[in-house]
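Use the sequences and the hints to build the structure in full.
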Amino acid sequence: MKQIKEDTGSIIRVRDLVKKFGDFVAVDHLTFEVNKGEIFGFLGANGAGKTTAIRMLCGLLEPTSGALRVAGFDGYHQREEIKRNIGYMSQKFSLYEDLTVYENFRLYAGIYGIPRKERIRKTEELLLKLKLEESRDKLVGGLPLGWKQKLAFSLALFHNPAVVFLDEPSGGVDPLTRRTFWDLIYEVAHQGVTIFVTTHYMDEAEYCNRVAIMSEGKIVALDTPAALKSFYKADSMDGVFLKIARNKE
Amino acid sequence: MIKVGNLEKSYGDQKALKGISLEVGKGELFGLIGPDGAGKTTLMRILVTLLLPDSGFASLDGLDVVADFRKIRTMVGYMPGRFSLYQDLTVEENLQFFATVFGGTIAENYHLIKDIYIQIEPFKNRLAGKLSGGMKQKLALSCALIHAPKVLILDEPTTGVDAVSRKEFWEMLNNLRHMGITIMVSTPYMDEANLCDRVALFQNGSILSIDSPKNIIASFHKKLFGVKVETTAQRFECVGLLKSYPGIDSVFSFGESIHITTIQQNVDETSVMGYLSQMGHQGIAVERIEPSIEDVFMELMQNETN
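Protein chains in written order, with numbering that gives the first Met the number 0: chain A, 0 to 248; chain B, 0 to 305.
Heads up, some of the hints might be wrong.
Partial list, derived from the structure: chain B residues whose beta carbon lies under 7 Å from chain A [to be verified]:
| hint | residue |
| --- | --- |
| 1 | 35 |
| 2 | 36 |
| 3 | 128 |
| 4 | 131 |
| 5 | 133 |
| 6 | 161 |
| 7 | 163 |
| 8 | 231 |
| 9 | 235 |
| 10 | 239 |
| 11 | 251 |
| 12 | 254 |
| 13 | 255 |
| 14 | 296 |
| 15 | 297 |
| 16 | 300 |
Derived from the structure by calculation, the hints contain no laboratory data. We treat Cβ as the ideally placed atom computed from N, Cα and C, and that holds for glycine.
Listed below in structure tokens is the structure:
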């Protein structure tokens, strides 16, 4: 299928997106856009509908109604194309622990059908950049958590996706590593890759260009961290989050 | 109530605990703060007699974790990091099960769990596997409490839980402490350290520091400044610029601001602001700030690796 050229710079376009499971409305008329190169934070309490929304954005779940385009592809009929053009990193990192660092690169490149020459060039480049050359033949299972995190992120980017989804990428990671990781996120965003990230660390919400907060299937707030803080008269994103949750009660 | 001396534990050639010592007083709310892989879970599993130490000793209320393991199991409540209740039993059946295993009834100790259980009671006939994250957490805490333990050991109860549920959970712990229960709780969230009486900062199987949150913060000897930027793009550039500014030891993003540390007298608000504005960044505010536990933790970590 042919990719339809987008008029605007948005990588994700969502209009009135709904997902129902039986009578239960998990995602209730979401409308938003994410621009190219943007770091977009997606927050919400457990059970707010974040995971369901992300699964639709990644082409894993068909919407019930509404319009959805990711990287120029339709969320109903071009779900395979969406999968091929996005990167995804889960909080579990989804690396193959009993393969070596090098074998993980090879496997991911194979899955995405990246030509051999390009695969080798890119693997060497990333090993150098991540300072993992000496560990290339080590099993991933034995690596420190921070290294696994960097590796998982690089693998999610290996096939040059337009947008990468990070689902709680820094849970349980030490504060130094967490910050090094965000430096990496900035760098990648700077190169034009769009970042869609969920987190429970409210300080990380401050690092996003814009933040959407979900509650009971709806987006209840969407703006820059600065604008949200001034609107809710809070001095941190933590304060914003707590105020929104209280208003709901 | 809890005594640990020179405790060591290895898995193969991986040292999980490198000679840990600590004491927790009766009725204390004690936090183990540190990232995954620091050794928090290993220590907790030794204390609840699920794992044998390689060397050193550990005791709860004078009972040795190896010799007196049977007695310890009746007086300790444990909530593991992974949800470990019976998913195909209902909420009420799980609670009933844990009460009877310890030879008691729900009614006997209902006063301990009342405030927590009342929130999930409307769903008492629902299967535990069908509960939301926050409700599972409340049920697990109820089940760990129903035999009226003297010591409660909670392994990362707030990991992956949203900010609001986390707050509620800490309020519950605070109430339990007032009932005289000794609580040891682990968390990767540095900000939760402030809610404990005392904390041990864990990293790589060792304790970096152990004290009250207040004293830990007071031990920070560098000057700390917060640099407030306006946009995300500006943050990215300013972090880079500050890293190359002479006299600055560390530069870290910290929520809405950037934290920088220095021991040099000539680095202050004016010089940093002047430098950034010279590099083309206007509208930036720099002020001297008090450190948080996270600032101290990162400082200690860096000293460790240097």
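Here's how the hints hold up against the structure:
1. 35: Hint holds; residue 35/B Cβ to chain A Cβ min 4 Å, cut 7 Å.
2. 36: Since the shortest Cβ distance to chain A is 5 Å, the answer is holds.
3. 128: violated, 15 Å
4. 131: holds, 5 Å
5. 133: holds, 6 Å
6. 161: This hint holds: residue 161/B lies near chain A, its Cβ roughly 4 Å from the closest one there, short of 7 Å.
7. 163: holds, 4 Å
8. 231: This interface hint holds because 5 Å falls under the 7 Å limit.
9. 235: holds, 5 Å
10. 239: violated, 9 Å
11. 251: Interface hint status for residue 251/B: holds (5 Å vs cutoff 7 Å).
12. 254: holds, 4 Å
13. 255: Result: holds, 5 Å to nearest chain A Cβ.
14. 296: holds, 6 Å
15. 297: holds, 5 Å
16. 300: Where the cut-off is 7 Å and the nearest Cβ of chain A is about 6 Å from residue 300/B, the hint holds.
Checked against the numbered hints given earlier, this structure breaks hints 3, 10; the rest are met.
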